[in-house]
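Quick note, the sequences are listed as chains A and B, same order.
Going by the numbering used here, the final residue of the first sequence carries number 281, and the count climbs one at a time with no gaps.
Going by the numbering used here, the final residue of the second sequence carries number 378, and the count climbs one at a time with no gaps.
Quick caveat, the hints were computed from the structure, so don't treat them as lab data.
Glycine is no exception: its CB is placed at the ideal position from the N, C-alpha and C atoms.
Hints are not guaranteed to be accurate.
Just a few of them, taken from the derived set where beta-carbon distance is under 10 Å, the chain A residues facing chain B [stated by the list, open to error]: (1) F23; (2) A65; (3) S96; (4) S114; (5) G130; (6) I132; (7) T149; (8) V226; (9) S233; (10) D242.
The calculated label-pair distances, taken between Cβ atoms and stated as ranges, are [what the hints assert, rightly or not]: (11) A/L82 with B/S166: 25 to 33 Å; (12) B/G230 with A/L264: 38 to 46 Å; (13) A/I261 with B/N364: 22 to 30 Å; (14) A/T113 with B/L83: 23 to 31 Å.
Derived lysine to aspartate or glutamate pairs resembling DMTMM-like cross-links, with alpha carbons at most 25 Å apart [as the list claims (entries may be wrong)]: (15) B/K213 with B/D118; (16) B/K282 with A/E45; (17) B/K334 with B/E288; (18) A/K43 with B/D118; (19) A/K43 with B/D172; (20) B/K257 with B/E276; (21) A/K43 with B/D268; (22) A/K71 with B/D370; (23) A/K43 with B/E100; (24) B/K176 with A/D142; (25) B/K107 with B/D123; (26) B/K237 with A/E45; (27) B/K291 with B/D172.
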Amino acid sequence: MSAPVKQRRWPLIVPPLLWQLVFFVLPLLFLVVISFWSIQNFKLEPDFTLKNWSTMLSRTTFWSAYAYTWKLAFVAAFGCSLLAFPAAYSITYHLSESMRRIAVLLLIIPFFTSYLVRVYSWQVFLSDNGIINSALSLLGLDRIPMLNTAGGTLIGFLTLCLPLVVLIQVMGMSQIDRSLIEAARNLRAGPWRTVYEVIMPAMKASLVVAWLFAFILCFGDFVSPVYLGGGASPTLSTLITDTTKSGQQWPRAAVVAIMMIVTLMATSLVAVRYAYRGGRK
Amino acid sequence: MSSQSNKFSRRDFLKTTVSGTAVSVAAGGFFITGAARAQPQATLNMLAWYGHAEPDIVAEFEARNNCKIKPKYYTGGDNMLALIAQSPIGTYDLILSDAEYVPQLQKAGYIEKLNPKDYPFDDFFPEFQKFPGHWQGGELYSLITRFGFLGVSYNTEAVSEKKARSYKVFWDPAYKGKVGHFDWYLPNMGQISLLNGSRAPFDLSGNEFAKLKSVLTSLRPQAAGFFDYGGTFSGLKSGQLQLVGGIGDWITGVLKKSGAKVDSVVPDEGGLQWTESFCIGKNSRNQELSKKFLQYISSPKGQSKSARMVAYPAMVPNKKGWELLNREDPAEAKRQGMVLSGKSCIDDIRSGKIRFRELPRRQNIEDWNDFWSDYKNA
C-alpha cells in the first residue's frame, strides 16, 4: 500500500482509537488500579494491597453469585436464541418486503421505552394477584409463583434481549444465498433438514453473535434480578451494589467488576472463535 | 369581500412586519425584564433523600428568600457519602444525613460547625436537644429535623395487628414466601438483635453477633426477596408482600393515604428509630442562606410541613411544630402519635421501647454487610 493511501486512512482510524482509549482503556485501567487501593474513613486512599482480591475471591458468596449469574445469563441467551429463530425465519422468508420493514420497525419500538418501566410493568402480570395468576384462578388452576423468582428474572432478560436477537438473526438470514435453500429443496431436503443443514450453518456467525449479545446484556443486568427476581439470590451486579454499601468498599466492588469483564472477554473470545471456525476459505 | 381588499401590498407587509417586530421587542423586553426580576438570586445545592426539596417543603422558603433549592437525591447513607466524596468540597450547601452518618461526615471534614444559639433547641423535646453523634467535643454539627420508627409493616387483610406485634410473625409458616426485607443490613439486623433481647442492638459481643447471624439465617426460607424503596412500595401495594422487616410508617404511611391495606407497628420486643438531620456543607458559599433554611425547617411551620411531607411522613422533634400540626392537620398528628395529651410517640422513646439506629459498634460495617450478602445468598 502506498504511503499517501496510508496517510489518508489516519483520519478514519484515529477517532475510534481515541474514543476507545478515553472511554474504555483508561477507565478500565483506573478500575484495575483502585482494586488495589484501600478505604479509610469511608474515603478511597491510594495504596497497594492485595486484601480486596483475597477477601472477595475467598468468599463463598462471590463464587455462588458468579455461578448463578453465569447460569442465568447462559440459559437466557440460549432461550432467547431458540425463541428468536422461528420469528426471524418467518420475517425473512414468509413476509413481503413491506411487511418485513414493518416487522423490523416493530422490533425496534420496544427500545423506545425505558427498560426499567417495561420490567416494572411485568410485575402487574407476574405477581401472585397479577393478571396471569388471576386468569389461572378463573380457570380453576393453582396460582404459580412467578414474581421474585429466577423465572421472573429470566422473563426480564427476554424482555431486554429478544428483540435484539431477532433483529441480528434476521440480518444474518437475509445474507444467505437463496439459491442454496432452493438447491436443498430440489434435492428433496425437508424443511427441518434445510434449516439444520443449510440455514443454520450459513448463518452460524449471526447466531453466535446474537447469543453473545444476549449473554453480555444478561450477565451485567441489574434491573431484572432486583425487580423481577426480588434480589433473592444475588447476581454479580447486585453484589457490586451490596459491596459499595459496605462502608464504601469501591475497591472490592472493582474486583467483582474486573472479574465480570474478564469473564465476558473470555466468553466473547471463545464465542467469536467458534463462530468463524472453518468459515474462512 | 373584493379581490382588491385581499391584496397584501409590499407596504402593508412592511408595516405589519415592523409593527409586529416592535410589539414583539417591547413584549420580549417586558418579559425579559420580568424574568430578570424573578430570577432567583441564589441557588442552594441540597443533598438529600427524595422529597426534601419538593415544592410542598421548600416552595415557601424559596419565595420568601428569592432563591432556588437544587436537589441531588440519594438512596442511603453510603450513597450519600459516596456522592460527597466524589465531589469537590463546597459542592453541597445543605446535606441531609441519617443521624448515624453524622459522625463520619464530621470526621471526614465534610460539614461546618453550627451555632446552637441559631436554632430553637429550647422548643425541642429534651430527648433531641443533645442528640448522640450530632455534638462532638461540645460543638454542634447537625440539626435533627425529623424521625420515625421501624418495626413490622404488614398487610392488614392478611396479618392481624396482634400477630404483627412480635418479630416472631416473620417465622409464621402462613407467610412463607411473603416476607420481604428492605435491602439494608442495618435495620433488619438491628430488629433481629432486638428480638434476641439485646438492649443495645448495635453494640453486640461476639456471642451476641453469632446468635444474631444464626437466628436471621433461620428466617431465610420465609423470605420473598430483598427490595429497595420502589420494590417494597409496589410489593406491599400489590399484596405480593404481606410482611416487611426494616421499614415503618415512612413507607406504609404513604401507601395508606392511597388506600392500601397496610400498616406498621412497633413490636413488643422494641423498635428502631431512624433520624434525619441537616448539616451545612463544608466551605458552602451560601452559609447564611443555608442557616436560614435550617431555621425555617426547624421552625413550627417547617416542622409541620416536614411531618406531612408528600414523599414520606415523619415525626418531628419541635414541640411547637406539634402544636401547629395539631391545629393544621389534627388527623395526621393523631395518626403519627404527635398528640398534645395522652400517650404520644415520645412515650415510646421514654419507655425504652425504641432504640436509635446506629452503625455497629464492636464489629466492622463490612462484617455486618458481608453477613447480609451471605444471608441473601443462603
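These are the hints, each one checked on the structure:
Evaluation of the A/F23 hint against chain B yields a violated restraint, the C-beta minimum of about 18 Å exceeding 10 Å. Taking 10 Å as the C-beta contact cut-off toward chain B, the hint placing A/A65 at the interface holds, the least distance being around 7 Å. Hint status for A/S96: violated, given a least beta-carbon distance of 43 Å to chain B, over 10 Å. Restraint check, A/S114 versus chain B: the minimum CB separation of about 13 Å is more than 10 Å; hint violated.
Restraint check, A/G130 versus chain B: the minimum CB separation of about 7 Å is within 10 Å; hint holds. Taken as an interface hint, A/I132 does not check out: its beta carbon lies about 13 Å from the nearest beta carbon of chain B, beyond 10 Å. Residue-level restraint check for A/T149 holds (minimum Cβ-Cβ distance to chain B is 9 Å; threshold 10 Å). For A/V226, the interface hint holds, since its Cβ comes within 10 Å of a Cβ in chain B; the closest pair sits about 7 Å apart.
Annotation: A/S233 was flagged as interfacial toward chain B, and the flag holds, the nearest CB pair being 6 Å apart, inside 10 Å. Among the interface hints, the one on A/D242 holds; its C-beta lies about 5 Å from the nearest C-beta in chain B, closer than the 10 Å criterion. Our hint of 25 to 33 Å for A/L82 and B/S166 is violated, since their Cβ atoms are close to 49 Å apart. Checking the proposed 38 to 46 Å range against B/G230 and A/L264 shows it is violated: the Cβ atoms sit about 28 Å from each other.
Checking the proposed 22 to 30 Å range against A/I261 and B/N364 shows it holds: the Cβ atoms sit about 28 Å from each other. Checked against the hint of 23 to 31 Å, the C-beta distance between A/T113 and B/L83 comes to roughly 28 Å, which is consistent with it. Among the hinted pairs, B/K213 with B/D118 is inconsistent with the structure: their alpha-carbon atoms are about 45 Å apart, more than 25 Å. Taken as a hint, the B/K282 and A/E45 pair is honoured in the structure, with Cα atoms around 20 Å apart against an allowance of 25 Å.
A distance of roughly 36 Å separates the Cα atoms of B/K334 and B/E288; the hinted pair therefore is violated under the 25 Å criterion. Distance restraint check for A/K43 and B/D118: the Cα-Cα separation of roughly 31 Å exceeds the 25 Å cut-off, and the hinted pair is therefore not satisfied. Under the criterion of a C-alpha separation no larger than 25 Å, the hint pairing A/K43 with B/D172 is inconsistent with the structure, at around 42 Å. Of the supplied pair hints, the one linking B/K257 and B/E276 holds, its CA atoms being roughly 22 Å apart against a limit of 25 Å.
Between A/K43 and B/D268 the CA atoms are separated by roughly 39 Å; this puts the pair beyond 25 Å, and the hint is violated. Distance restraint check for A/K71 and B/D370: the Cα-Cα separation of roughly 23 Å lies within the 25 Å cut-off, and the hinted pair is therefore satisfied. Taking the CA atoms of A/K43 and B/E100, the gap is about 17 Å. The hint holds against a cut of 25 Å. Distance hint between B/K176 and A/D142 is fulfilled; the C-alpha atoms sit about 17 Å from each other, no more than 25 Å.
Simply put, B/K107 and B/D123 have alpha-carbon atoms about 29 Å apart, too far for the 25 Å limit, and the pair is violated. For a cut-off of 25 Å, the pair hint linking B/K237 to A/E45 is broken: about 43 Å separates their Cα positions. Using a Cα cut-off of 25 Å, the hinted pair B/K291 and B/D172 is violated, with the two alpha carbons roughly 50 Å apart.
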